[in-house]
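Engineer: As given, the protein sequences belong to chains H and U, one line each in that order. The first sequence begins at 20 in the working numbering and counts up by one. The second sequence begins at 20 in the working numbering and counts up by one.
The hints are simulated quantities; they were obtained by calculation from the structure and are not laboratory data. Among the clues, some could well be false.
Same chains, same names: a pair is fine if it fits in one copy or spans any two.
Stated by the list, open to error - Straight-line distance between alpha carbons at most 20 Å, and here's what the computed EDC-like set of lysine to aspartate or glutamate pairs gives: (1) Lys107 x Glu130; (2) Lys92 x Glu180; (3) Lys197 x Glu81; (4) Lys140 x Glu180.
Number of protein chains: 2
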Amino acid sequence: MTTETDRKPRLMVLRIGHRIQRDVRVTTHVCLTARALGADGVIVTDAKDRRLSETIERVTSEFGGHFTVETGKPWRRALAEWHKAGGKVVHLTAYGMPLPKIIGEIRSSGEDKLVVVGAEKVPGELFHLADWNVAVTSQPISEVSALAIFLDWLFEHRRLEKGFADAKLRIIPTEHGKRVEKA
Amino acid sequence: MTTETDRKPRLMVLRIGHRIQRDVRVTTHVCLTARALGADGVIVTDAKDRRLSETIERVTSEFGGHFTVETGKPWRRALAEWHKAGGKVVHLTAYGMPLPKIIGEIRSSGEDKLVVVGAEKVPGELFHLADWNVAVTSQPISEVSALAIFLDWLFEHRRLEKGFADAKLRIIPTEHGKRVEKA
Numbered sequence: 020m021t022t023e024t025d026r027k028p029r030l031m032v033l034r035i036g037h038r039i040q041r042d043v044r045v046t047t048h049v050c051l052t053a054r055a056l057g058a059d060g061v062i063v064t065d066a067k068d069r070r071l072s073e074t075i076e077r078v079t080s081e082f083g084g085h086f087t088v089e090t091g092k093p094w095r096r097a098l099a100e101w102h103k104a105g106g107k108v109v110h111l112t113a114y115g116m117p118l119p120k121i122i123g124e125i126r127s128s129g130e131d132k133l134v135v136v137g138a139e140k141v142p143g144e145l146f147h148l149a150d151w152n153v154a155v156t157s158q159p160i161s162e163v164s165a166l167a168i169f170l171d172w173l174f175e176h177r178r179l180e181k182g183f184a185d186a187k188l189r190i191i192p193t194e195h196g197k198r199v200e201k202a
Numbered sequence: 020m021t022t023e024t025d026r027k028p029r030l031m032v033l034r035i036g037h038r039i040q041r042d043v044r045v046t047t048h049v050c051l052t053a054r055a056l057g058a059d060g061v062i063v064t065d066a067k068d069r070r071l072s073e074t075i076e077r078v079t080s081e082f083g084g085h086f087t088v089e090t091g092k093p094w095r096r097a098l099a100e101w102h103k104a105g106g107k108v109v110h111l112t113a114y115g116m117p118l119p120k121i122i123g124e125i126r127s128s129g130e131d132k133l134v135v136v137g138a139e140k141v142p143g144e145l146f147h148l149a150d151w152n153v154a155v156t157s158q159p160i161s162e163v164s165a166l167a168i169f170l171d172w173l174f175e176h177r178r179l180e181k182g183f184a185d186a187k188l189r190i191i192p193t194e195h196g197k198r199v200e201k202a
């Protein structure tokens with residue numbers, strides 16, 4: 020029997036404060052991390068960045084899955100739309116509540132999740148708009164690391180070996196060397 | 020009774036292929052991740068980068084711990100010295116063996132560990148010099164994420180709330196807002 024709670028909540032990542040020149044590499048790392056660890060897609064504010072979208076879409080087309088990339092959306096609008104549709108917002112910040120203390124509550128909520136990661140400074144308002152402010156360590160850390168560890172914990176450390184649908188290329192685990200198979 | 024096996028193995032991170040202009044942000048993320056998640060220090064090849072060292076040393080001086088940063092060392096020499104001193108080398112790469120399958124063996128080895136993370140392309144030789152090639156997902160991912168998840172797993176998901184000795188500043192976990200205390 021399928022009940023409404025069997026629906027898998029959607030999980031999107033919102034990368035805020037992206038500046039094309041300065042942040043392209045780190046934002047690319049955010050997107051690859053989100054995809055590899057099971058998010059459904061990423062929304063990047065504030066600049067439209069076609070090169071970033073193309074890079075990530077190329078990876079998805081080669082290695083599979085249905086990961087979406089949207090750039091250039093103002094963060095307040097993205098948040099407001101998410102809340103309006105009934106979703107919850109998780110903000111990853113060193114100032115928040117420790118991940119081990121709060122992950123159970125987040126995991127057991129059935130709503131769609133928008134996971135927000137900032138570059139350097141984020142607007143103070145965000146701490147109040149978020150449903151949960153979550154600290155992956157209460158130390159200065161990378162938003163890329165924070166996202167990686169958050170997703171790994173959210174999915175109970177079970178996503179690392181999961182494959183992707185429609186992959187054209189597949190990496191074959193090897194002790195010493197590189198092996199890639201074409202589908 | 021203290022036996023020799025009670026000694027906690029040293030854990031250092033080797034960041035290879037660092038180019039000052041291109042990689043400064045991502046390498047900073049690697050260093051902050053290594054520190055926050057319990058590594059003892061980082062060695063950065065190939066360029067000497069005083070600004071990077073100063074940034075990380077300032078974080079350590081404010082937030083505590085004894086994290087070391089060394090830049091400008093050739094990677095082959097760093098690896099050779101590590102092996103000569105009896106340490107083991109872990110290379111994080113999407114081509115390696117799945118983390119969940121191999122982490123037990125790495126965790127139970129008592130030797131010091133050098134965890135190698137590359138930028139973009141790494142020399143093929145490295146796959147053969149490493150004692151373990153470890154994949155944090157067999158997908159294109161960030162080396163920052165790979166390092167974060169590897170360290171979290173290595174320390175059995177118990178490091179996230181650990182404090183640091185001699186901190187001048189301490190972040191106080193807060194539901195909605197920012198709170199920092201001076202020691």
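Engineer: If a hint holds in the structure, say so; if it doesn't, say that too.
Structural biologist: Against the structure, the hints come out as follows:
For the homomeric pair Lys107 and Glu130, the shortest alpha-carbon distance inside one copy (6 Å) is at most 20 Å, but the shortest distance between copies (44 Å) is not. Proximity of Lys92 and Glu180 under a CA criterion of 20 Å is satisfied in neither setting, with 32 Å inside one chain copy and 34 Å between copies. In this assembly of identical chains, the alpha carbons of Lys197 and Glu81 lie at most 20 Å apart only when taken from the same copy (17 Å versus 41 Å across copies). For the identical chains of this complex, Lys140 and Glu180 are neighbours neither inside a copy (34 Å) nor across copies (23 Å), given an alpha-carbon limit of 20 Å.
Checked against the numbered hints given earlier, the structure breaks hints 2, 4 and satisfies all the rest.
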